[in-house]
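A.B. asks: Here is what each chain is made of, one letter per residue.
Protein chains: 2
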Amino acid sequence: MNNIICDILNIKTPIISGGMVWCSNWFLASSVSNQGGLGLIGAGSMTPEILEEHIKKCKDATNKPFGINIPLMNVNSEKNIAVAIKHKVDVVFTSAGNPTLYTQRLKDNGIKVIHVIANNHFALKAQNAGCDAVVAEGFEAGGHNGKEEITTLVLLEQLRGKLNIPVIAAGGIVSGKQILAAMLLGAQGVQIGTLFATSKESSGHINFKNAVINSTEGDTMLLLRKLSPTRLLKGNFFNMIKEAEDKGATEEELLNIIQSGRPKLGMFEGDLTNGELEIGQAASIINESLSVEEIFSKLKREYKEAFEELKNLNKDLVF
Amino acid sequence: MNNIICDILNIKTPIISGGMVWCSNWFLASSVSNQGGLGLIGAGSMTPEILEEHIKKCKDATNKPFGINIPLMNVNSEKNIAVAIKHKVDVVFTSAGNPTLYTQRLKDNGIKVIHVIANNHFALKAQNAGCDAVVAEGFEAGGHNGKEEITTLVLLEQLRGKLNIPVIAAGGIVSGKQILAAMLLGAQGVQIGTLFATSKESSGHINFKNAVINSTEGDTMLLLRKLSPTRLLKGNFFNMIKEAEDKGATEEELLNIIQSGRPKLGMFEGDLTNGELEIGQAASIINESLSVEEIFSKLKREYKEAFEELKNLNKDLVF
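Just so you know, the sequences run in chain order A and B. In terms of our numbering, the first sequence opens at residue -12 and continues consecutively. In terms of our numbering, the second sequence opens at residue -12 and continues consecutively.
Keep in mind the hints are simulated off the structure, nothing from the lab. Any given hint could be a false lead.
Note that the list lumps identical chains together, so a pair holds whenever it fits in one copy or between two copies.
When the alpha-carbon atoms are kept at most 27 Å apart in a straight line, the in silico DSS-like pairs for lysine-lysine are as follows [unchecked claim]:
{"no.": "1", "residue 1": "K134", "residue 2": "K251"}
{"no.": "2", "residue 1": "K149", "residue 2": "K285"}
{"no.": "3", "residue 1": "K44", "residue 2": "K298"}
{"no.": "4", "residue 1": "K298", "residue 2": "K149"}
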């Protein structure tokens, strides 16, 4: 038995850690790759110089493949693409933008390209651009999100059979049972963000990790639909945006609130009052900070248990 | 092997058709029950007199168990509860309200009670109220929806192991693969709305069914968060609400737009311009109007295929 995502990425286990701003540093990425998954460095919060530093440290910390996530709307994206090529990273995950922009250039340099999509339209666009796979990311995901608000369950179902390239499921996944469910729905691998954001190896601030761990159902919501839909953890900053939106705030008024330094302040420096806290809906399920090794053990154990439990179901759906 | 939902409801297949306003009449309900599932009559759009008529016709059309969905915020809810008791229906599904209100009274009259919840808090409340099961309905579902916007994938995961009563998954389910995925995540049955709303037996207007069938990704969105979050199909009525909300419309202003006759106008009378069209996110996946018999065949076939395909996955998640 083989797995096409493992084949493409030359990894052992088709679990990818999302390239999250301010959380996905070289340490988290190399730890995930050392467990047999694929670790991603989140270039969205990095200048080209800092990205280079993280790539070098990641190469020192693992001899396994790892990747970089580059949000294409980011001011540094073109320079970060050049850094990825210079250092011949194994794979670039592009997101939040047009997959035709850099895919061919990366492929010409021997780098695999996987694009993050939130609907069928962009999935086909990514396939046509020559991407090796897509990450199908649902409404549950933290941070920037698709405008159609399609959930992981519906997105996987509507994508099934529509592509010739494999699908990596993302959004709301924190357990091995959900991994098996996603594979049952046509995914060949998963990308997990929130769970790794709270891991011991994540570069997120301890205050941020604790806020996520202590959060409960309904504590993340999608806001900023007029700019770019973003899932945020509730708190002071969230409330400012919510109140403005409830009063009909324009794009300009919202831009004045969000300000560029807020994500760093919240997620990296731990200022829970003034900072922007981006996290997925499954935050409500996470109750402790685990190491990457513990997370892989947990996910594999739950996946195997799910397989065993299937024996208790009949195949006809008639009782 | 047995199935606790089938045991409780005395049915053969743990598939329940949602009790949808203007779509779930006696004909749809009895057709689903005749296929071995549980059909629900949607009392939310019925006066007590009309509900009685539908119960009588449903009893004439099937000797199998069927149920009624009664939204508790509805003006007729108390009278409809009395009708359910008078006619000793097998089971009442309560929704959109407090499960402690009528559960004991129904149980005392030998009627099973299942409450629709959208978060853990209300699931526990339903269990404590004596309900026999809960329907865990995610953000994908059509019509009225939970304030926390928890998706089916996350809701099932966060509920698993928290209840002593069984869980019926709902929201976004249109395939047998998704049914198996839901059962893998801890559900013992499923409630399906959108797919049955478009069925040949549904009392929804043909214009409404065709609009659902022709819709594509992103064509349903959740609006009306300031009143009661509601998933609607895009169109003229949707646009009126969306534009008002974007400008910060108050509850009063929104109430002026929605008006009580709109759902009937849209879903039952087929006025796609002025009517309110409530439908789930999985509308994008449905491309034809099937009979209830065809839907059951399709779901069972896909469920069985999903079982077979599991053989192609390894149990260790290591390749």
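A.B. asks: When the hints from earlier in the document are held up against this structure, which numbers fail?
C.D. replies: Checked against the structure, the only hint that fails is number 3, while the rest are satisfied.
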